[in-house]
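Participant: The listed protein sequences correspond, in order, to chains A and B.
Read left to right, the first sequence gives residues 250 to 365 (this note's numbering).
Read left to right, the second sequence gives residues 772 to 884 (this note's numbering).
A hint or two may mislead.
What follows is a list of derived Cβ distance ranges for each label pair [stated by the list, open to error]:
hint	chain 1	residue 1	chain 2	residue 2	range
1	A	Leu-317	B	Thr-849	38 to 48 Å
2	A	Ser-267	B	Gly-826	44 to 54 Å
3	B	Gln-831	A	Gln-278	28 to 38 Å
4	B	Asn-774	A	Ser-264	32 to 42 Å
5	A	Gln-309	B	Lys-828	30 to 40 Å
6	A	Thr-266	B	Gly-826	43 to 53 Å
7	A	Thr-266	B	Lys-839	46 to 56 Å
8	B	Gly-826	A	Gly-310	29 to 39 Å
9	B	Lys-839	A	Thr-363	36 to 46 Å
10	B	Lys-829	A	Lys-313	37 to 47 Å
Derived from the structure by calculation, the hints contain no laboratory data.
By construction, the Cβ of each residue, glycine as well, lies at the ideal position given by its N, Cα and C atoms.
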Amino acid sequence: GAVVSQHPSWVICKSGTSVKIECRSLDFQATTMFWYRQFPKQSLMLMATSNEGSKATYEQGVEKDKFLINHASLTLSTLTVTSAHPEDSSFYICSARNRGRSNEQFFGPGTRLTVL
Amino acid sequence: GENVEQHPSTLSVQEGDSAVIKCTYSDSASNYFPWYKQELGKRPQLIIDIRSNVGEKKDQRIAVTLNKTAKHFSLHITETQPEDSAVYFCAASLKTSYDKVIFGPGTSLSVIP
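Let's have the full structure, built from the sequences with the hints guiding it.
Facilitator: As structure tokens, then:
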């Protein structure tokens, strides 16, 4: 149980285009999902906290107009990188909290974004 | 906001020896401290966690200790094996902020056969 999937697993796009990444909790309801970005040889940096049915809460320094987050249901959150640039190339990972259990988070497999 | 520091950044040990990774956190309201192991290109895997009402927890070769007063927590791996080689992250979670998890900078552990 407690499986989180992400789609796509990798994506290559041209500079200026938008990319959407999906995060799904497959066998549990996730009231809260989190989006992280990880550059090579660095830690996971929290970008935003996404709660079902409400606006996402962004961490300081993260542009909410560039990284659009939608949490439309208890099993799906999406991250859209708008007008992507090469510096947005990174590993994006989502995690989800199980509605019935506190604290523990379950991570998706990550999405490798490369912007040319 | 919460800030998590971690030392050392790299650690190399002989197979069979112990490895210790230390972390500190800044926000005394943090109440949950997970440790993750991440292999290259993969998702973080929870290996052990501890809550603020507990001082120590052990699971086979892995143990974690927590000193709330000093805001320190540590990971201990005994009888290390080559498959323990990976990047380890400590983290702290704030109950008051939807349990968001803030990661430390990571420790790259190499176990030499």
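Participant: So, for every hint listed, does it hold in this structure?
Facilitator: Going down the list of hints, with the structure as the test:
1. Checked against the given bound of 38 to 48 Å, the beta carbons of A:Leu-317 and B:Thr-849, roughly 46 Å apart, stay inside it.
2. Range check, A:Ser-267 to B:Gly-826: about 48 Å between beta-carbon atoms, so the 44 to 54 Å window is met.
3. With their beta carbons about 31 Å apart, B:Gln-831 and A:Gln-278 fall inside the hinted range of 28 to 38 Å.
4. Distance hint check: the CB atoms of B:Asn-774 and A:Ser-264 are about 33 Å apart, consistent with the given range 32 to 42 Å.
5. A hinted range of 30 to 40 Å for the beta carbons of A:Gln-309 and B:Lys-828 is consistent with their spacing of about 32 Å.
6. The hint said 43 to 53 Å for the Cβ distance between A:Thr-266 and B:Gly-826, and at roughly 51 Å that hint holds.
7. In this structure the hint that A:Thr-266 and B:Lys-839 lie 46 to 56 Å apart at CB holds, the actual value being about 48 Å.
8. Separation of B:Gly-826 from A:Gly-310 is about 35 Å and conforms to the stated range, judged on CB atoms against 29 to 39 Å.
9. Separation of B:Lys-839 from A:Thr-363 is about 43 Å and conforms to the stated range, judged on CB atoms against 36 to 46 Å.
10. Taken as a hint, the range 37 to 47 Å holds for the pair B:Lys-829 and A:Lys-313, whose Cβ atoms sit roughly 42 Å apart.
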